[in-house]
Amino acid sequence: GAGVSQSPSNKVTEKGKDVELRCDPISGHTALYWYRQSLGQGLEFLIYFQGNSAPDKSGLPSDRFSAERTGGSVSTLTIQRTQQEDSAVYLCASSYGQGRSSGGETQYFGPGTRLLVL
Amino acid sequence: GQNIDQPTEMTATEGAIVQINCTYQTSGFNGLFWYQQHAGEAPTFLSYNVLDGLEEKGRFSSFLSRSKGYSYLLLKELQMKDSASYLCAVRVGSYNTDKLIFGTGTRLQVFP
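Just so you know, the protein sequences line up as chains A and B, in that order. Residues 2 to 119 in my numbering are what the first sequence spells out, letter by letter. Residues 1008 to 1119 in my numbering are what the second sequence spells out, letter by letter.
Derived by calculation from the structure, the hints in this document are not laboratory data. Check each hint, because a few of them may be wrong.
[As the list claims (entries may be wrong)] With a cut-off of at most 20 Å between alpha-carbon atoms, the simulated SDA-like pairs for lysine to any residue come out as follows:
1) B:Lys1064 x A:Tyr109
2) A:Lys58 x B:Ser1101
3) A:Lys12 x B:Gly1047
4) A:Lys58 x B:Arg1098
5) B:Lys1064 x A:Thr107
6) A:Lys58 x B:Tyr1102
7) B:Lys1083 x B:Ala1023
8) A:Lys58 x B:Gln1009
9) B:Lys1083 x B:His1045
10) A:Lys58 x B:Gly1100
11) A:Lys12 x A:Asp25
12) A:Lys58 x B:Thr1033
13) A:Lys16 x A:Gly98
14) A:Lys58 x B:Gly1008
15) A:Lys58 x B:Asn1103
16) A:Lys58 x A:Gln81
17) B:Lys1083 x B:Asn1056
18) A:Lys18 x A:Leu119
19) B:Lys1088 x A:Pro112
20) A:Lys58 x B:Lys1064
21) A:Lys58 x A:Gly98
22) B:Lys1083 x B:Ala1019
23) A:Lys12 x B:Glu1048
24) B:Lys1088 x B:Thr1033
25) A:Lys12 x A:Gln81
26) B:Lys1064 x B:Ser1090
27) A:Lys12 x A:Arg82
28) A:Lys12 x B:Phe1036
29) A:Lys58 x B:Val1099
30) B:Lys1083 x B:Gly1035
31) A:Lys58 x B:His1045
32) A:Lys12 x B:Gly1035
33) B:Lys1075 x B:Ser1090
34) B:Lys1083 x B:Val1025
35) A:Lys58 x B:Gly1035
Pulled out of the complex, with its shape left as it was, chain B reads as follows (with noise of 0.2 Å):
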């Protein structure tokens, strides 16, 4: 089965730093995305991490430990426009397919 867990809803404030985490359970494994959402718009790209360790991408940073089944993505210097939703993917295919593996998203709220 097709399993990839992550917390339902975070908040934080402005200027902060926030962690969100995804464990996942997947029949086979190419890679996991993290991706926003802002409410009402398409997910926007943040981050893949096929290789274990961090990726850093100015305040954000995503953790891959592929041994764990665990990943997260950390946000620096919050600011009020990373209120979104968070989702984590991953990656899963063979020679004649190639999909994403969504979970149902973190939402986060920043506040002043």
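Next comes chain A alone, as it looks inside the complex (with noise of 0.2 Å):
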């Protein structure tokens, strides 16, 4: 089966602008997740899916940054205003979500968007 997709693979903006940032889980996985990796740094979590259950927005890391899931299935992250720090890749994974046996705890991961901030 298809794995997680993301979409734009590259995005390139300028300052200021705002960017939307796409994942399609994997099908049947109720949990998403978002996560950011900077150069030379390591996954940082921003935010959780699970269901129809509240998010946990936790990791985000400004007001210009939200996300939103709607019908369980697709999600989008966007942020506002973006800045030159804003550059990354954003990663999305999902996973089958809690309360099931083991093993659908594991996160997939989709390929990433690469976000450039001129």
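Since each chain comes alone in its own frame, lean on the hints to assemble the complex.
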């Protein structure tokens, strides 16, 4: 079956512009995660969605960042008024979610969106 | 706080064995993952340990000691294609969250 897909694969934008990044999780996965990977840094958790529960937004670095998940499937990460320090690879992952039997907790990653803010 | 340490870089020779260590101090622990990431690509799942001991999967094995906050990934019969970054990640969570805390990764270079 298809894996996690993300679009666009690359995005170049000017400082101050808004950007939207999209993630399509693996079919049947109820949990969805966004991470950010800056050059030379480890992956940094941003936000977690599980079914219809309220998302965990504790990793979002500022109020310029927001994310939504429509219909329990596709998710969009929006960065408003982009800054140069937002340049990074934004990775989306999905899993079967909590409550599943062993193995359901494994997160599978998409190819990422490489964002460059000039 | 959350802290995960692993060596920045390692080198090894084709056909050899290499062990990549990971130590962690996290608030909460629901398991430890190892991922492989080739340059410019997505991390791919290698192993998951939630109980103490060794998990073996072909050429790859992963060990966990929860009391010591320690894990290692063992790669045997190294191949050139094993040159990649190896990411150690601890799963933390509660009733309303579930996330991975990552180390900065160990870049492994395999030489002929």
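Subject >> Violated constraints from the hint list, given by number and in increasing order >> reply: 13, 20, 24, 28, 30, 31, 32, 33
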